[in-house]
Structures are given as C-alpha cells and as structure tokens.
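One line per chain: the protein sequences are C and V, in this order.
The working numbering applies: residue 1351 is where the first sequence begins, and numbers increase by one.
The working numbering applies: residue 13 is where the second sequence begins, and numbers increase by one.
None of these hints come from the bench; they were simulated from the model.
Every residue gets a Cβ at the ideal spot worked out from N, C-alpha and C, and that includes glycine.
Incorrect hints may appear among the rest.
[To be verified] Reference excerpt, derived from the structure (chain C facing chain V, CB under 10 Å, subset only): (1) L1365; (2) L1431; (3) G1501; (4) M1502.
[As the list claims (entries may be wrong)] Distance windows between CB atoms, simulated: (5) V:Y156 x C:H1496: 31 to 39 Å; (6) V:S127 x C:G1390: 26 to 34 Å; (7) V:M123 x C:V1480: 50 to 58 Å; (8) V:N205 x C:P1525: 26 to 34 Å.
[To be verified] Calculated pairs, DSSO-like style, for lysine-lysine (alpha carbon to alpha carbon, straight line, at most 27 Å): (9) V:K73 x C:K1362; (10) V:K38 x V:K73; (11) V:K38 x C:K1362; (12) C:K1563 x C:K1362; (13) C:K1397 x C:K1559; (14) C:K1558 x C:K1397; (15) C:K1403 x C:K1557; (16) V:K38 x C:K1383.
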Amino acid sequence: MHVIGVYPINSKILLCHECDLLIQNQEIAEGSKLECPRCGHVLYRQKHNTISKTLAYTITALFCFYPAVTESIMTLNMSGLSQQQSLLGGARVLMQEQYYLVAILTFMSSLLVPLLRLLLLFYVTLSISVNYYHSSLFWSFRLYHHIEEWGMLDVYMLGIIVSVVKLLSMAEIQPGFGLWAYAGLLLTSILATTSLNHHEVWSLLLKKKLLTKKSSGSNKQEICQ
Amino acid sequence: MISSKKANTQTSLNKEKLERELMTGKEAGLVLCTECHSIHHYISQVDLQCSRCGADLHQRKPNSLNRTWALLISSMILFIPANILTIMNVVYFGQDDPSTIIGGVILLLQMGSYSVAFVVFVASVLVPVFKMIGILMILLSLKYQINITDRQRIRMFRFIEFIGRWSMLDIFVISILAALVNINGVAVITAGNAATAFGCVVVLTMLAASSFDTRLLWDYNVAETNNCQQELEISHNE
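Could you put the whole structure together from the sequences, leaning on the hints where they help?
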C-alpha cells in the first residue's frame, strides 16, 4: 500500500462534516455563521480579530494555570481540625489510595489536557502572529482538535460546587485562592476557544507553508487555490 | 447587525438553490479532511494523506459501525457494576457509610439540597442511560432501516455528543471529596470500585460517540433524498 499526498482543490466548495453534502462556499459577514442546509451543522463562523484575541486569552489562561493547580481550592474545618487540598494534591491522594484509573482520568481531564490544549493554542497563534513557520504547527493544531472533548474544566468546576454542597452538613468550608484562579482559568479558556476561527487558522497555515516552499524552491508542484 | 441580517438572507437563498442540487462529497468523488476541512479528489484503494495537515483521508470513518457497537456493548456491561457496587465510602467518627450512585442522590435529597440532587441524578444516571439508549437506537435504526427522519437522528446524536462529558461529574466529585476529606479519626472518604467502572462507562460512551460517523445517517437514505429532489423539481416546474 503506498501513500499519495493529494493537494486540496479550490476553496469555492465546502463539504459538510456531518452529512457530507456538497455546498457552495460564500463570503459571509463578520459575526455571522454558515450553516449546512440539510443537517444544520455550523460549517464555520466568521470572527473578528480571531488570532490576536485568542492569543490574548490563551496567555491569560496560562497565567491562571499555575495558581489554579498548586494553590488550595478549599479549606475544610471539622471539629477543630482543618485540611486544605489543591488540584495536584488531590490527584496524588487518589494515586496513594490505589484508584489509578480514577486518578488518571481526573488528572488527565482536569489538568493535563487543558494545559496541553492551551500550550498548543499558544504555540499556533503566537507563530501565526509573529510570522514564524515550522511543520510541527500542523500536527499541533490537529492534536489540539483531537483532545478537545477530553478537557473538562467546566465539568470539574461543577464537581467542586457539588462537593461543597455535600460537605456543608459535615464541616465548614472556606474557598481558597486556587478556586478563584481556577474560575479565571475556566473563563479565559472558554473565551479562547470561542474566539478561535479554525478555518482562518488552517488557511493561514497553508499560506505560510506554500510561501516557505516557494522561497526554498524545493517543490514545484502547482496548487490550484 | 444589518450586515449579518443580509448574510442570513443570502444563506437562505442559497438553501433553496442547494436543495435542487443535492449531492454528497462521496458521490462527487471528493473526500473531506476531517482535521483541517480541506477537500481533495478521492482515489480508491490507495491510502490517501492530506497534503495540508498530513492526516489520513477517508470518505467514511473505517469500521465506524463495528467500533461503535463494540464500545457501546462494553459500556452497557460495565454500567451494571457501576450501579451495584459502592462508589464512595464515608467513614464518619468510625462509622462506615458506603453508598452507591443512587444512594448518593437519595442522601442529597434527605439533606434537602434538591437542586444539587437533581444535577447529580441527571449527570450520573440520566445522561449515561440516555446516551447508551440513544446510540443504540441510532445503530438499530441504521441496521433495520427504521424510519426516523434524519433531522431527528442528527439532533439526537448532537445532543448525545454534547452531554457526554457531563457524566464525568460524579467521578470528579468523588475525587475531590476523597482528596479533601482525609482527617484520620474524624472523617475519611474513600472511592469505591464502582468509581472505576463508572469512569470506564463514561470514557467508553464518549469513544462510541466519537467513532460513529454521522455521514452514514445520510448514506442509508439516498433513495429518500432522491425522491425529495424529484418532488422539488416537479414543484419547481409547476
């Protein structure tokens, strides 16, 4: 079996992700979206200043990340004794209790995947805005999409709220600094994802790729774009 | 505002035009890169790779239905121990108080926090059950060609995909409680075996949803769409 790389055909047509319908591409105004006429899937949204906005939110989220993980989320006061725990410490305790799968799941979806996604997004948006090109940008952005649904910052936040309610009958609870940092991290990472226009990033990356190829003169293949 | 309205009317105009020329990418000999949304010409019996991002190109996800069935059935099997075994054990002043998933919800109800009990019930009981039944219904409707309209099926599937992650809630609550409440002699909360089983259920159902290719829903209904197209053409000629 041999592998053939094929070049994308022109940008005048689109295919729907969810129902494979052939659709005519069209210019749409900023802030509006293009929908598939058959299944209603949103093909893309045109967003204002997508790269710089996403970069700004990503940097803010990365700043929030360290305190959110290492500072204590809440302090528990119970009959004179108190205990506080951070996100990282929580995963460690579960590991010690030998619930490896639960520990890994929690660690992955509340810490590792969100951090990795932020770093990948930071790398991609920063390189686009400073006009830097490297072939690793492509797999970075692909990986970013692949792990999208495994980052569960929002679900974890709800988990914190539910566990506070469960503990209220037993003990006194004080929110720690980590909780506020976590809320900030959640908010900014949601903003970063919503302000990102995938189509624009992909087309910018392709342009960069073609430019570097032309300047190096290594590849003479024509691209009908 | 004005410009977006204008764009909307343009899109609806285009809708009418498109409904007369329904054609899928597969029929046109094209393949969509699901990673970077670029479109390529399809060559059969060759492993294709996207020239833009390097992803493997497939017109439909390979073995999509088989994978989804396998993941769905394993998640259904694991759902039984997840509900029977204890998910959390609270030791409060030396007293053991193990609870199952439903037990935890009932405890919350007894405490009087109805809204949180409702949220936990939805996330850890309703959502997994709904997901498994929903995927099962979609798979069965494809297998036996049961008439549910495409719109209904795709809406159901989108809903399943959207709510899937939220059933991780119970796992997170347990991990937070187990980490935080760990004062020896006063109160210790430990996770139970059901937590592992339930975590597996959530992961497997998420994988089942992501391995399912939604485009198959339309492939099985090509005859129907052709009929629609003819009707549209007739009405247009009249």
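Consistency of the hints with the structure:
no.	hint	result
1	L1365	holds (4 Å)
2	L1431	holds (5 Å)
3	G1501	holds (9 Å)
4	M1502	holds (5 Å)
5	V:Y156 x C:H1496: 31 to 39 Å	holds (33 Å)
6	V:S127 x C:G1390: 26 to 34 Å	holds (32 Å)
7	V:M123 x C:V1480: 50 to 58 Å	holds (54 Å)
8	V:N205 x C:P1525: 26 to 34 Å	holds (32 Å)
9	V:K73 x C:K1362	holds (25 Å)
10	V:K38 x V:K73	holds (12 Å)
11	V:K38 x C:K1362	holds (17 Å)
12	C:K1563 x C:K1362	holds (24 Å)
13	C:K1397 x C:K1559	holds (23 Å)
14	C:K1558 x C:K1397	holds (21 Å)
15	C:K1403 x C:K1557	holds (21 Å)
16	V:K38 x C:K1383	holds (25 Å)
Checked against the numbered hints above, the structure breaks none of them.
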